[in-house]
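There are 2 protein chains.
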Amino acid sequence: MSNSEPKLITAPHVVKEELMAAGTWVKLEKTTYVDPAGNTRTWETVKRTTRQTTTEVDGLIDEGETAEAAALRELKEETGYKGEIAGVTPVTCLDPGLSNCTTQIVLININGDEVENIHPTQQLGEGEFVEVVLLPLDEFQMKVDDLLKKEKILVDAKVYIFAMGMVQAFFKPRELPVLKQ
Amino acid sequence: MSNSEPKLITAPHVVKEELMAAGTWVKLEKTTYVDPAGNTRTWETVKRTTRQTTTEVDGLIDEGETAEAAALRELKEETGYKGEIAGVTPVTCLDPGLSNCTTQIVLININGDEVENIHPTQQLGEGEFVEVVLLPLDEFQMKVDDLLKKEKILVDAKVYIFAMGMVQAFFKPRELPVLKQ
Chain A
1 MSNSEPKLIT APHVVKEELM AAGTWVKLEK TTYVDPAGNT RTWETVKRTT RQTTTEVDGL
61 IDEGETAEAA ALRELKEETG YKGEIAGVTP VTCLDPGLSN CTTQIVLINI NGDEVENIHP
121 TQQLGEGEFV EVVLLPLDEF QMKVDDLLKK EKILVDAKVY IFAMGMVQAF FKPRELPVLK
181 Q
Chain B
1 MSNSEPKLIT APHVVKEELM AAGTWVKLEK TTYVDPAGNT RTWETVKRTT RQTTTEVDGL
61 IDEGETAEAA ALRELKEETG YKGEIAGVTP VTCLDPGLSN CTTQIVLINI NGDEVENIHP
121 TQQLGEGEFV EVVLLPLDEF QMKVDDLLKK EKILVDAKVY IFAMGMVQAF FKPRELPVLK
181 Q
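Chains A and B, in that order, are what the protein sequence lines are.
Residues in the first sequence are numbered from 1 upward in steps of one, following this note's numbering.
Residues in the second sequence are numbered from 1 upward in steps of one, following this note's numbering.
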């Protein structure tokens with residue numbers, strides 16, 4: 001191969017990102033990229049304008065705060081409950097065909113016997129409206145289905161798929177002979 | 001209350017949606033709404049331009065097709081595997097603080113003993129690049145964590161939360177004394 005031949009590009013990569021429109025919280029970009037076959041293509045990408053420079057995750061995390069601390073703080077503010085961390089996901093993507101938005105999901109246990117949790121009091125911000133709905137974990141999917149029938153609501157895909165994961169593990173043990181952790 | 005008094009608006013509702021920018025696949029709108037306290041506020045909402053009029057769900061569903069049929073078709077095209085429906089979510093939202101985008105998640109079993117599944121062949125479209133990764137369900141969360149350490153990838157929140165749901169049901173049976181279906 002002589003030096004005058006064009007260099008082959010093997011790894012897919014972004015060539016440029018052009019701003020199409022920017023609101024206060026959301027912007028729309030035109031992404032030009034080279035695909036794994038070497039073809040130049042375009043995509044439209046949504047980004048939040050509010051992502052902080054110190055973190056890779058979008059959401060309600062204050063500067064310097066961990067996802068776990070943010071989740072406990074928001075739970076307390078929006079539901080009044082004091083919780084304990086039971087698990088946290090890595091940084092995950094929410095709708096990668098549409099946006100670069102990411103989140104960490106935090107699993108929290110609430111001890112109903114704790115004094116603070118007997119009469120929980122919300123501390124909602126201006127313009128925040130949160131109705132707390134308590135559902136039994138052992139009937140979670142059924143109770144969500146009941147709510148969907150009764151009320152004009154949408155449930156988040158992550159809530160529903162968590163319920164399906166529990167049912168999968170519980171009712172199909174032969175497909176998970178020894179679940180390992 | 002006399003007829004001349006302004007009528008109280010009690011239910012929150014959208015007043016208007018103004019187009020800020022439209023690409024080929026994605027548009028950005030400014031939403032003006034009245035909140036449950038009666039205050040007029042604005043939000044920025046992302047929508048796909050491609051949602052079909054016959055469905056409430058975004059995604060890869062062809063006109064008149066069910067979510068289940070679309071999932072089996074896409075699975076076959078993108079992985080080569082022939083599957084059987086194990087479950088399907090209702091229409092759920094993906095990132096409701098950002099967009100109106102919705103999806104149905106379909107759980108599919110693949111019978112590895114079927115002739116068609118012994119040498120699966122992908123039928124990828126122009127510009128589609130799909131690498132199939134098979135992970136054991138009984139170590140799903142661990143194997144995803146391993147992949148995240150080794151490769152520069154992001155995992156979808158719904159995949160990870162499904163793994164967490166299985167672990168929750170399997171390892172914390174005391175918190176789910178009798179899971180009901």
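Just to be clear, a hint being listed does not mean it is correct.
Which bits of chain A does chain B cover? Going by a derived footprint, with three or more residues having C-beta under 8 Å, they are [stated by the list, open to error]:
no. : region
1   : 18-25
2   : 33-47
3   : 84-95
4   : 145-156
5   : 162-171
Here are the computed distance ranges between Cβ atoms for each label pair [to be verified]:
no. : chain 1 : residue 1 : chain 2 : residue 2 : range
6   : B       : E63       : A       : G64       : 30 to 36 Å
7   : A       : G38       : B       : H13       : 47 to 53 Å
8   : A       : H13       : B       : E126      : 16 to 22 Å
9   : B       : Q52       : A       : K30       : 21 to 27 Å
10  : B       : G125      : A       : A21       : 37 to 43 Å
11  : A       : L134      : B       : V15       : 30 to 36 Å
12  : A       : E17       : B       : D35       : 22 to 28 Å
The hints are simulated quantities; they were obtained by calculation from the structure and are not laboratory data.
Think of the CB as a built atom: it goes at the ideal place given N, C-alpha and C, for glycine as much as any other residue.
Original post:
Taking the CB of Q52/B and the CB of K30/A, does the distance hold inside 21 to 27 Å?
Top reply: Check passed, 24 Å falls within 21 to 27 Å.
Holds or violated: 16 to 22 Å for the Cβ distance of H13/A and E126/B? 19 Å, holds
_Under 8 Å between beta-carbons, do enough residues of the region 18-25 of chain A, three at least, approach chain B for the coverage claim to hold?_
holds (count 5)
task: Using the Cβ atoms, figure out if G38/A sits within 47 to 53 Å of H13/B.
output: Because 50 Å falls inside the window, the suggested range holds.
- Message: Cut-off 8 Å, C-beta pairs, minimum 3 residues; does the coverage of the region 33-47 of chain A by chain B stand?
- Response: That given contact holds, which follows from 7 residues of the region 33-47 of chain A lying within Cβ reach (below 8 Å) of chain B.
Could you tell me whether the CB distance from L134/A to V15/B stays inside 30 to 36 Å? Roughly 33 Å apart at Cβ, these two residues keep to the hinted range, so it holds.
Does the hinted range 22 to 28 Å hold for E17/A and D35/B at CB?
34 Å Cβ-Cβ, so the 22 to 28 Å window is violated.
37 to 43 Å as the expected CB spacing between A21/A and G125/B, which holds or is violated
29 Å, violated
Are three or more residues of the region 145-156 of chain A within 8 Å, CB to CB, of chain B?
Check passed, 5 qualifying residues.
Are three or more residues of the region 84-95 of chain A within 8 Å, CB to CB, of chain B? Since 8 is at least three, the answer is holds.
Next on the checklist: Quick check: does the Cβ-Cβ distance between E63/B and G64/A fall within 30 to 36 Å?
Outcome noted: Distance hint for E63/B, G64/A is violated at roughly 49 Å.
Residues of the region 162-171 of chain A with Cβ under 8 Å from chain B, three needed, outcome = holds (count 10)
Going through the hint list in order, the structure does not satisfy hints 6, 10 and 12.
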